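Going down the list, the sequences are from chains Z and D.
Note that the first sequence ends on residue 247 in my numbering; no numbers are left out.
Note that the second sequence ends on residue 247 in my numbering; no numbers are left out.
Wrong hints could be hidden among the right ones.
Identical chains blur together in the list; that is why a pair holds if it fits in one copy or across any two.
As the list claims (entries may be wrong) - Lysine to aspartate or glutamate pairs mimicking DMTMM-like chemistry, simulated, CA-CA at most 20 Å apart:
(1) Lys237 / Asp209
(2) Lys237 / Asp215
(3) Lys80 / Glu42
(4) Lys237 / Asp212
(5) Lys200 / Glu94
(6) Lys39 / Glu82
(7) Lys23 / Glu203
(8) Lys23 / Glu114
(9) Lys39 / Glu76
(10) Lys23 / Glu82
(11) Lys39 / Asp209
(12) Lys77 / Glu42
(13) Lys120 / Glu94
(14) Lys39 / Asp180
Read the hints as simulated data drawn from the structure, not as lab findings.
Note that the structure is predicted; figures quoted are calculated from it, not measured.
Each chain, letter by letter, is given below.
Number of protein chains: 2
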Amino acid sequence: MKIGVLGTGTVGRAIASKLAELGHAVLVGTRDPAATLSRTDPDMYGNPPLKVWREKHPKVELGTFAQAAAHGELVVNATAGGVSIEALEAAGETNLAGKIVVDLANPLDFSRGMPPSLSVCNTDSLGEQIQRAFPRSKVVKTLNTMNAHLMVGPGQLADGAHTVFVSGNDAAAKGTVTKLLESFGWKDIVDLGDITTARGTEMMLPIWVRVFGATKSPMFSFKLVR
Amino acid sequence: MKIGVLGTGTVGRAIASKLAELGHAVLVGTRDPAATLSRTDPDMYGNPPLKVWREKHPKVELGTFAQAAAHGELVVNATAGGVSIEALEAAGETNLAGKIVVDLANPLDFSRGMPPSLSVCNTDSLGEQIQRAFPRSKVVKTLNTMNAHLMVGPGQLADGAHTVFVSGNDAAAKGTVTKLLESFGWKDIVDLGDITTARGTEMMLPIWVRVFGATKSPMFSFKLVR
Numbered sequence: 022m023k024i025g026v027l028g029t030g031t032v033g034r035a036i037a038s039k040l041a042e043l044g045h046a047v048l049v050g051t052r053d054p055a056a057t058l059s060r061t062d063p064d065m066y067g068n069p070p071l072k073v074w075r076e077k078h079p080k081v082e083l084g085t086f087a088q089a090a091a092h093g094e095l096v097v098n099a100t101a102g103g104v105s106i107e108a109l110e111a112a113g114e115t116n117l118a119g120k121i122v123v124d125l126a127n128p129l130d131f132s133r134g135m136p137p138s139l140s141v142c143n144t145d146s147l148g149e150q151i152q153r154a155f156p157r158s159k160v161v162k163t164l165n166t167m168n169a170h171l172m173v174g175p176g177q178l179a180d181g182a183h184t185v186f187v188s189g190n191d192a193a194a195k196g197t198v199t200k201l202l203e204s205f206g207w208k209d210i211v212d213l214g215d216i217t218t219a220r221g222t223e224m225m226l227p228i229w230v231r232v233f234g235a236t237k238s239p240m241f242s243f244k245l246v247r
Numbered sequence: 022m023k024i025g026v027l028g029t030g031t032v033g034r035a036i037a038s039k040l041a042e043l044g045h046a047v048l049v050g051t052r053d054p055a056a057t058l059s060r061t062d063p064d065m066y067g068n069p070p071l072k073v074w075r076e077k078h079p080k081v082e083l084g085t086f087a088q089a090a091a092h093g094e095l096v097v098n099a100t101a102g103g104v105s106i107e108a109l110e111a112a113g114e115t116n117l118a119g120k121i122v123v124d125l126a127n128p129l130d131f132s133r134g135m136p137p138s139l140s141v142c143n144t145d146s147l148g149e150q151i152q153r154a155f156p157r158s159k160v161v162k163t164l165n166t167m168n169a170h171l172m173v174g175p176g177q178l179a180d181g182a183h184t185v186f187v188s189g190n191d192a193a194a195k196g197t198v199t200k201l202l203e204s205f206g207w208k209d210i211v212d213l214g215d216i217t218t219a220r221g222t223e224m225m226l227p228i229w230v231r232v233f234g235a236t237k238s239p240m241f242s243f244k245l246v247r
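Isolated chain Z, as found in the complex (with noise of 0.2 Å):
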């Protein structure tokens, strides 16, 4: 599939190379991908620049966040929640339309110090809040509930035996997501419903950020027991 995404942090880094090796079209895009390719320390969290990062993964493109939009029959938002509908807008309203826009992203708030705090939660959420800008987008919220490390990976924890929730208002589009997350190796999928149901998973980070707090690694995740 030709699969845009948007974001060349961790976590679009983590997507784009996974989605690369199962053998999809990927292109990444970034606000300025020059300016992006110019740098050349690492970035706040140690990733090495970009420029380093894509010689190593020669089959993923680099582009605008528009091209990656108008590129991808599917689009992941891999962007910090803070920026998401910013990053999205410049991706393009009609180059987006139609199409499956995978959330991955967090609200955030880092403004309140550490750990962060969320800058939407409890009567809404991102999720929604992309959903509501980009109505003739069919928004798929999932993986936000874990490190960009499992997110593709997840038999690198307990052999899988953990859990990815998904929501959005279009099961054909969940279908789809579906699918692909079964390839990244994901064995428990829930779907919790329509795109409400992402405030659920987005105000799982706080308890996500205290466990990493108390066991001082990022390698964990949750298993819905039933």
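Let chain Z serve as the given structure and place chain D on it in line with the hints.
For chain D alone, coordinates are given in the frame of chain Z:
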């Protein structure tokens, strides 16, 4: 141990009967014991009247919130989150001073309809509100991420292979509560840190209600896989 339980609803009854079964001296407190005992209809959740329940649990004593708090060396808040502060005030700050207050409540807000949202979250929590209102007590938040049957009988699901979280400022108090949890059958008990980490577990309520909506059964829980 002498234990006071505030609240005679589903959670209060489950906790009180389990504690009595384990040999603790339990006094359950309610606002108006005479009025509660005079009821002959099931409550809004279909629970039998307290009078009927008491006949099956003759060892559990009944009194006011203040009597339960005065009785307990440890006091359990099993009231609904929306009235917890009020119930604890009725129990009496002096009666609670120096004691462990085990807070099981979630600040559910039904005013916007179903499923409920939270009346406090993100930058505060009910656990923190209680700790601030009762600074001489040692508040430990726990057991608020699964239903009442699983709280006191975790082995009913997956042989107990799921997780309970503990939050609180006092390490010794958390140690005492951890022993109580072990006596209930809990095997995976995760100390998240201070009482601010109650934000994490209280904010799991939205995913809990959405999973309940999707699976139509309350007999599920979350396992922290790491």
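- Query: What are the numbers of the hints that this structure violates, sorted from low to high?
  - Reply: none
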